Each structure stands twice: as structure tokens, then as C-alpha cells.
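*Asks:* From first to last, the protein sequence lines stand for chains A and B.
Residue numbering for the first sequence follows the numbering used here, beginning at 337 and increasing consecutively.
Residue numbering for the second sequence follows the numbering used here, beginning at 337 and increasing consecutively.
Keep in mind that the hints were calculated from the coordinates and are not lab data.
Since this is a predicted model, take the numbers as computed values, not measurements.
Hints may be right or wrong, so weigh each one.
Said to hold, decoys possible - Taking lysine-lysine and the DSS-like style, the derived pairs with C-alpha atoms no more than 25 Å apart in a straight line are:
| # | chain 1 | residue 1 | chain 2 | residue 2 |
| --- | --- | --- | --- | --- |
| 1 | A | K402 | B | K387 |
| 2 | A | K378 | A | K390 |
| 3 | A | K413 | B | K340 |
| 4 | B | K402 | B | K360 |
| 5 | B | K360 | B | K340 |
| 6 | A | K390 | B | K348 |
| 7 | A | K340 | A | K387 |
| 8 | A | K417 | B | K348 |
| 9 | B | K387 | A | K378 |
| 10 | A | K340 | B | K402 |
| 11 | B | K348 | A | K340 |
| 12 | A | K417 | B | K390 |
| 13 | B | K360 | A | K340 |
| 14 | A | K348 | A | K402 |
| 15 | A | K378 | B | K340 |
| 16 | B | K417 | A | K413 |
| 17 | A | K360 | B | K390 |
| 18 | B | K360 | A | K387 |
2 protein chains.
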Amino acid sequence: MRLKAEIYISLKNTVADPQGQVIKSALNSLGYPDLEEVRMGKFITLTFNAKDIKEGEIKINEMCYKLLANPIIEDYKFIVKEL
Amino acid sequence: MRLKAEIYISLKNTVADPQGQVIKSALNSLGYPDLEEVRMGKFITLTFNAKDIKEGEIKINEMCYKLLANPIIEDYKFIVKEL
């Protein structure tokens with residue numbers, strides 16, 4: 337079964353995000369003063385094969401934990417759907 | 337009104353993604369051979385104030401176009417919701 341996963345990785349709320357702060361200042365200078373917070377993360381799309389969606393979700397969770405995210409400082413969530 | 341936007345930025349399909357290829361090889365070596373394609377993008381969350389969701393969406397679209405994404409090589413989509 338061909339599956340597509342969309343993975344969203346973001347820094348935990350307690351972790352400082354200097355890149356987000358720089359984006360916030362840049363947007364402020366561009367004329368958007370009403371910003372509270374900007375946080376930068378990663379968005380990974382993955383097409384792969386698995387027996388079913390359940391197996392696909394288990395695989396993606398493993399991949400996130402082992403390689404894609406750093407579970408100490410990052411949170412991740414994902415969606416797996418059929419292609 | 338306090339709003340939260342989630343912005344997903346990804347490279348257009350026609351643009352090569354060397355970072356995604358490296359992640360794919362790394363996952364292959366970790367024991368996931370069934371991958372077709374991996375593509376890396378950005379995931380930005382933004383909390384801000386606007387009159388309503390409609391105005392919020394217009395603002396976010398401008399921010400994406402002007403600063404957050406590079407419309408020549410990247411596609412973006414976003415969701416704006418009330419906090």
C-alpha cells in the first residue's frame with residue numbers, strides 16, 4: 337500500500353527559539369506589529385510503502401523518534417494517509 | 337481577536353531537495369528500505385492579533401509571500417484559527 341506521511345516537528349514550548357525571534361523582528365519591521373510569538377519548525381513529507389495505515393503509523397513514529405526529531409527538545413505529530 | 341496560524345512551506349515538486357535525499361539515505365541505513373521520496377520543508381506557528389479570521393488570513397498570506405516563503409521555488413499553505 338502506498339502511503340504519504342506529513343510530519344510536523346516543532347520545538348517544545350519551554351525551549352528558546354532564536355530563529356523564530358529573528359523572523360518576528362523581521363515581520364515587525366515589515367509592518368506587522370501585532371505578533372505575539374513566532375516559532376519555527378520542520379515539515380517533512382514522506383512517501384513510502386507499508387502493509388496498512390496502522391503499520392505505516394508505527395514506522396513513522398519510529399523514524400521520528402530515531403532520526404527526524406530530537407525528542408529531548410522537540411515535539412512531533414504526523415498524519416499518515418493513503419495515496 | 338487572538339489568532340494562531342500554522343504555516344507549511346515546502347519546495348515545489350519540480351525543485352530538487354538534497355536535504356530530503358540525505359534524510360532518505362539515512363532512513364534507508366536505519367532499516368527502512370521502502371521509502372519512495374522524502375521532502376523537507378518548514379513549519380511555522382505564529383500567534384498574533386487581528387480583527388477577524390478573514391483579516392488574519394490576508395495578513396498571513398502577505399507575510400508568506402513577502403518573507404516566510406520564496407514563491408519562486410516554494411509552495412505554502414496555512415490554517416488560521418481562533419485561540
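*Asks:* It remains to establish, for every hint, whether it holds in the given structure.
*Replies:* Taking the hints in turn, this is what the structure says about them:
For the suggested pair K402 of chain A and K387 of chain B, the alpha carbons sit about 42 Å apart, so the restraint of at most 25 Å is broken. Distance hint between K378 of chain A and K390 of chain A is fulfilled; the C-alpha atoms sit about 23 Å from each other, no more than 25 Å. With a C-alpha separation of about 17 Å, the suggested pairing of K413 of chain A with K340 of chain B holds against the 25 Å cut-off. For the proposed pair K402 of chain B and K360 of chain B, the alpha carbon gap of about 31 Å is over 25 Å, so the pair is violated.
As the CA atoms of K360 of chain B and K340 of chain B are separated by approximately 32 Å, the hinted pair breaks the 25 Å bound. Taken as a hint, the K390 of chain A and K348 of chain B pair is broken in the structure, with Cα atoms around 29 Å apart against an allowance of 25 Å. Distance check on the hinted pair: K340 of chain A and K387 of chain A sit about 13 Å apart at the alpha-carbon level, within 25 Å; holds. A distance of roughly 20 Å separates the Cα atoms of K417 of chain A and K348 of chain B; the hinted pair therefore holds under the 25 Å criterion.
Between K387 of chain B and K378 of chain A, the direct Cα distance comes to roughly 29 Å. Violation of the 25 Å bound is thereby established for this hinted pair. With a C-alpha separation of about 30 Å, the suggested pair K340 of chain A and K402 of chain B falls outside the 25 Å cut-off, and the hint is violated. A distance of roughly 16 Å separates the Cα atoms of K348 of chain B and K340 of chain A; the hinted pair therefore holds under the 25 Å criterion. Of the pairs offered as hints, the one joining K417 of chain A and K390 of chain B is violated, with about 29 Å between alpha carbons and a cut-off of 25 Å exceeded.
Between K360 of chain B and K340 of chain A the alpha-carbon distance is near 14 Å, which keeps this suggested pair within the 25 Å criterion. Taking the CA atoms of K348 of chain A and K402 of chain A, the gap is about 17 Å. The hint holds against a cut of 25 Å. For the given pair, K378 of chain A sits about 17 Å from K340 of chain B by alpha-carbon distance, which is consistent with the 25 Å threshold. Restraint check for K417 of chain B and K413 of chain A: satisfied, since their Cα atoms lie roughly 18 Å apart, inside the 25 Å limit.
Between the alpha carbons of K360 of chain A and K390 of chain B the distance comes to roughly 21 Å, so the proposed pair stays at or under 25 Å and holds. Under the criterion of a C-alpha separation no larger than 25 Å, the hint pairing K360 of chain B with K387 of chain A is consistent with the structure, at around 20 Å.
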